[in-house]
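2 protein chains.
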Amino acid sequence: MNYKDWVHGELEGLSMAHGFRYTPREEIEDRLARLRAGMEKKGMEAFLVVQKMDYYYLSGTTQDGLLFVPLDGKPLLMVKREVERARVESPLDDIVSMKSIRDLPSMIRDHWGRLPKTLGIELDVLPVNEYFRYRALFPGIKLMDASPIIRDIRKIKTPFEIDLIKAAGDIGRKVLLEAKEFLKEGMTEIEFGGLLEASAKKYGHEGLLRVRSLNYEAYTWHVLSGLSGGIVSQSDSPMGGLGLSPAFPVGASLKVMGAHEPILVDFGTCYHGYQADETRMFSIGGMKEKFINAFNACREIHDAVLAETRPGADCEAIFLMTLDLAGKLGYGDSYLGPPGLQTRFVGHGIGLELNEFPFIAQGQAYPLEEGMTFAVEPKIVFPGEGSVGIENTVVVTKDGCEILTPVEQDIFEV
Amino acid sequence: MNYKDWVHGELEGLSMAHGFRYTPREEIEDRLARLRAGMEKKGMEAFLVVQKMDYYYLSGTTQDGLLFVPLDGKPLLMVKREVERARVESPLDDIVSMKSIRDLPSMIRDHWGRLPKTLGIELDVLPVNEYFRYRALFPGIKLMDASPIIRDIRKIKTPFEIDLIKAAGDIGRKVLLEAKEFLKEGMTEIEFGGLLEASAKKYGHEGLLRVRSLNYEAYTWHVLSGLSGGIVSQSDSPMGGLGLSPAFPVGASLKVMGAHEPILVDFGTCYHGYQADETRMFSIGGMKEKFINAFNACREIHDAVLAETRPGADCEAIFLMTLDLAGKLGYGDSYLGPPGLQTRFVGHGIGLELNEFPFIAQGQAYPLEEGMTFAVEPKIVFPGEGSVGIENTVVVTKDGCEILTPVEQDIFEV
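Those protein sequences? They're chains A and B, same order as listed. Residues 193 to 606 in our numbering are what the first sequence lists, from first letter to last. Residues 193 to 606 in our numbering are what the second sequence lists, from first letter to last.
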């Protein structure tokens, strides 16, 4: 059978029958309009989109390639491998096959009539050697950093995007409820972590959590029991856990989970690229009062953040308010990590990546806006003993916020 | 409890009791000696290691930071967050805390007495904005690309590394044997993929497979049944599968697996950062003769590659030999993908990353060397019907090769 015919005859129906939701044309057009407003302000004549999630956001497909977006005129999607599938997935009109990156200038000329004088690329993630290659391909053209523009428009989510994050949150809800059934005394952290992940995949979780960074890796098996929860590690997180080796010294380990230990489960789910992040406490039999009290303090801080969350509220002010409250509640030395290793954020924007704007953090003095989505995660760490916390993903609404991960907020005791 | 005291009193014992193997000092010294030989040849006075796996390879830790390696003198490990844990994990002598990247020049001066005139960095992965930052920190210093040197030394594995890959292969063996028990008719591909991953984690698999690339993502739930196996997608692989959405259009999908379909499971495992990659065919009840014959052809091609594998054999010549053999066996139009979309490699180097040297591929005219490890994966694709294949990870020995993923090579029929 001819592969191209098969794709055009069968792939769309097959994928829709198996849960695919394609990005509508109006959605892409709205995003492109906001992008162009940002480009115009910066004097950027065109944008060459190189990073997978930016490319997905603006085209609706992740088929490997490059997206050229001129300020005036239609975008051109140039696909390296599977152009037919890209045509099924993306509502853009101009989708062509690209044999070699050397053809890029002539492809742009053919499509747009000329080359731009200023060209944006995401210089926050583009590797240097690739940058040199683009410089050689476009002599005399000014290459500019387009990452502030694309990150800025991506920080406000549309109803279509919020729906997908809600669907991710719904996967998390099913997993956490199911987890009450399969968590057993004597299991290792990583065994429990693997079962959580397997449960989530069954409901359509995509497995990978994406981060905009060279070295920072996200994962879903952040299961820390008892003293594992008191261990700090590489990531900018209140606690890292023991992990499995020096190559992966974070998250679940081969430690056996005992009765009455606080078991912290920080679990992200991903649906159509959109992530929801949440943390719940588990215990096998009740946990010690010290941990219950600290958990209640985390809930109080969490609720205080949500009470302040509305358009116009300042992100840094919210963070500083939580420091104050943690101190008043008696957790000044254990809130967000042990002394000397306390992190300086209680929330992070979330969407296609885990580190989007806004950050509810020190030094982040800007207002919340309607349509922003972020995860709020107050945590308290006791070295050598354990840690507790709670986390939900929320969207900023017209006059407050809505929780997108609304499963049972209390401790899951089995 | 004081966190620093806890780490130095407890962490090493706790981690060793839970399966950690730290990189021995002699191993790091041997790697550094080979690195310096490469640096000297290129006229590189010092190397600032920025990428996580390069950093782990040369230091034994992945605690976030930077590693400065001068041609003459001791390396300096500068850790951003958890310096105490880095001191437990790394055998290097000089491990210090780094508050801000702005302190880098003064920290190097304090340690080494001066700044280098030429400084290597991995420009194949370093983002442009970070490069500009280093240029501003080190005015007048020539920044060079160190990636060819580090990739070159990493391509030859030591016995310590081969042992870790073997251990990863042993996790894969346990998983595939267990999979025979939990594979059931009516399961979706992704449900099976999740259970494979959960099984692997239970045995210590680290979950993430690492790739040296901006956009290329590796994952372990590449479970393709029947017509899913005939779908090409974004990655440079003979078949991509349907996947779960346009944001993750590869690997396992929500398609239900039926009896008698070819079920291709391409499964990578990771132990202490070292990966083993393998592919096996499963079926629920016997599969059609067409697929069995194609599978046998893949085995024949696989065995022919192994018969040629020894120090001195040319990588491109081996690849071209497989094209020839596939044609003779009647699979010229389906070997490594459908016509027009056939990939041009049958093997890829593997270790800490999935895309290391050597590549058994077109255009890769260089000899195999003792200690190289690679995955060999002949596959045959029938659009609209399915695909078959086999894959093993091997190490080049003194006069041939050894399979590091030696579980049952035949079809797993349940």
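By construction, these hints were calculated from the structure, which means they are not laboratory data. Given the structure is predicted, the values throughout are model-derived calculations rather than measurements. Heads up, some of the hints might be wrong.
Restraint ranges, calculated between C-beta atoms of paired labels, are given here [claimed, not checked]:
1) Ser292/A <-> Gly265/B: 51 to 59 Å
2) Phe352/B <-> Arg536/A: 36 to 44 Å
3) Ser298/A <-> Glu232/B: 20 to 28 Å
4) Asn194/A <-> Asn321/B: 40 to 48 Å
5) Ser292/A <-> Gly332/B: 34 to 42 Å
6) Arg217/B <-> His200/A: 53 to 61 Å
7) Ser405/A <-> Ala451/B: 25 to 33 Å
8) Leu512/A <-> Asn321/B: 24 to 32 Å
9) Glu373/A <-> Asp602/B: 34 to 42 Å
10) Asn321/B <-> Glu373/A: 42 to 50 Å
11) Ser292/A <-> Lys482/B: 30 to 38 Å
12) Asn407/B <-> Asp285/A: 55 to 63 Å
13) Asp525/A <-> Ser292/B: 42 to 50 Å
14) Gln554/A <-> His200/B: 22 to 30 Å
Heads up, the beta-carbon is just placed ideally off N, CA and C, and yes, glycines get one too.
Hint by hint, here is what the structure shows:
1. Ser292/A <-> Gly265/B: 51 to 59 Å: Since the Cβ atoms of Ser292/A and Gly265/B sit about 44 Å apart, the hinted range of 51 to 59 Å is violated.
2. Phe352/B <-> Arg536/A: 36 to 44 Å: The hint (36 to 44 Å, Cβ to Cβ) holds, given that Phe352/B and Arg536/A are roughly 39 Å apart.
3. Ser298/A <-> Glu232/B: 20 to 28 Å: Violated, since Ser298/A and Glu232/B (Cβ atoms, about 42 Å apart) do not stay within the stated range.
4. Asn194/A <-> Asn321/B: 40 to 48 Å: holds, 45 Å
5. Ser292/A <-> Gly332/B: 34 to 42 Å: Hint holds: Cβ distance 37 Å, inside 34 to 42 Å.
6. Arg217/B <-> His200/A: 53 to 61 Å: holds, 60 Å
7. Ser405/A <-> Ala451/B: 25 to 33 Å: Since Ser405/A and Ala451/B have Cβ atoms about 44 Å apart, the given range 25 to 33 Å is violated.
8. Leu512/A <-> Asn321/B: 24 to 32 Å: holds, 28 Å
9. Glu373/A <-> Asp602/B: 34 to 42 Å: For Glu373/A and Asp602/B the Cβ distance comes to about 36 Å; the hint holds.
10. Asn321/B <-> Glu373/A: 42 to 50 Å: With a Cβ separation near 47 Å, Asn321/B and Glu373/A satisfy 42 to 50 Å, so the hint holds.
11. Ser292/A <-> Lys482/B: 30 to 38 Å: Roughly 36 Å apart at Cβ, these two residues keep to the hinted range, so it holds.
12. Asn407/B <-> Asp285/A: 55 to 63 Å: Violated, at about 24 Å.
13. Asp525/A <-> Ser292/B: 42 to 50 Å: Taking Cβ atoms as reference, Asp525/A and Ser292/B lie about 24 Å apart, which means the hint is violated.
14. Gln554/A <-> His200/B: 22 to 30 Å: For His200/B against Gln554/A, whose Cβ atoms are near 29 Å apart, the range 22 to 30 Å holds.
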